[in-house]
Amino acid sequence: KAGVTQTPRYLIKTRGQQVTLSCSPISGHRSVSWYQQTPGQGLQFLFEYFSETQRNKGNFPGRFSGRQFSNSRSEMNVSTLELGDSALYLCASSLRLAATRSSYNEQFFGPGTRLTVL
Amino acid sequence: KNQVEQSPQSLIILEGKNCTLQCNYTVSPFSNLRWYKQDTGRGPVSLTIMTFSENTKSNGRYTATLDADTKQSSLHITASQLSDSASYICVVSERSGGYNKLIFGAGTRLAVHP
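Note that the protein sequences, when read in sequence, are chains A and B. Note that this note's numbering numbers the first sequence so that position 76 is 76, with each residue one more than the last. Note that this note's numbering numbers the second sequence so that position 6 is 6, with each residue one more than the last.
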């Protein structure tokens, strides 16, 4: 069974540009969550999509948005890039909502997309 | 405020030695606690998931403990190997309305030296 895949793996952009990252979950998984990871802040939750609907959202500005398609694949978009957006962006998939009451609903993470903003 | 704090921030041990990583949380109401291992440049991989009623759970050389009364968890690594060098992240699930919310610790960076 293939794991979570993310594309591209590395990306270099300049300030003011926009970027779209892609995540393909494990087959059969319906939930996709996005995280930003920086050395200083650790893992920060961005948002979670389930059945094409955003179900949960972290404390990030509106420049960060996402969507999920009918095949559960998800994209994340960041507009008007800032230097501080440089980070590893991780995607995780699970069968149900990530933090569902079922304690064994495990999240599987992808390898991440390393975004550098110059 | 619900928080997850991990200690130490970083740790260096010699190959073959044991070590214990700590996770203290103030999350309430509590649902479950997870430990992840993250190798440099890669996504986190789940090691254990424990509910309120579980005190200990093992995964090979990794043993996690949970004391729900004191809101503390530990991850014990036995007979460390060079491949154990990674960041270890503690994640606590908070029951919040119709679904739970995941709260991440900042992680402990472990370096195993030969």
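Hints may contain errors.
What the hints assert, rightly or not - Derived pair list, reagent style DSS-like, types lysine-lysine, alpha-carbon separation capped at 25 Å:
(1) 1/B x 57/A
(2) 101/B x 71/B
(3) 57/B x 71/B
(4) 101/B x 1/B
(5) 57/A x 57/B
By construction, these hints were calculated from the structure, which means they are not laboratory data.
Of all the hints given earlier, name the ones this structure violates by number, lowest first. Violated hint: only 5; rest satisfied.
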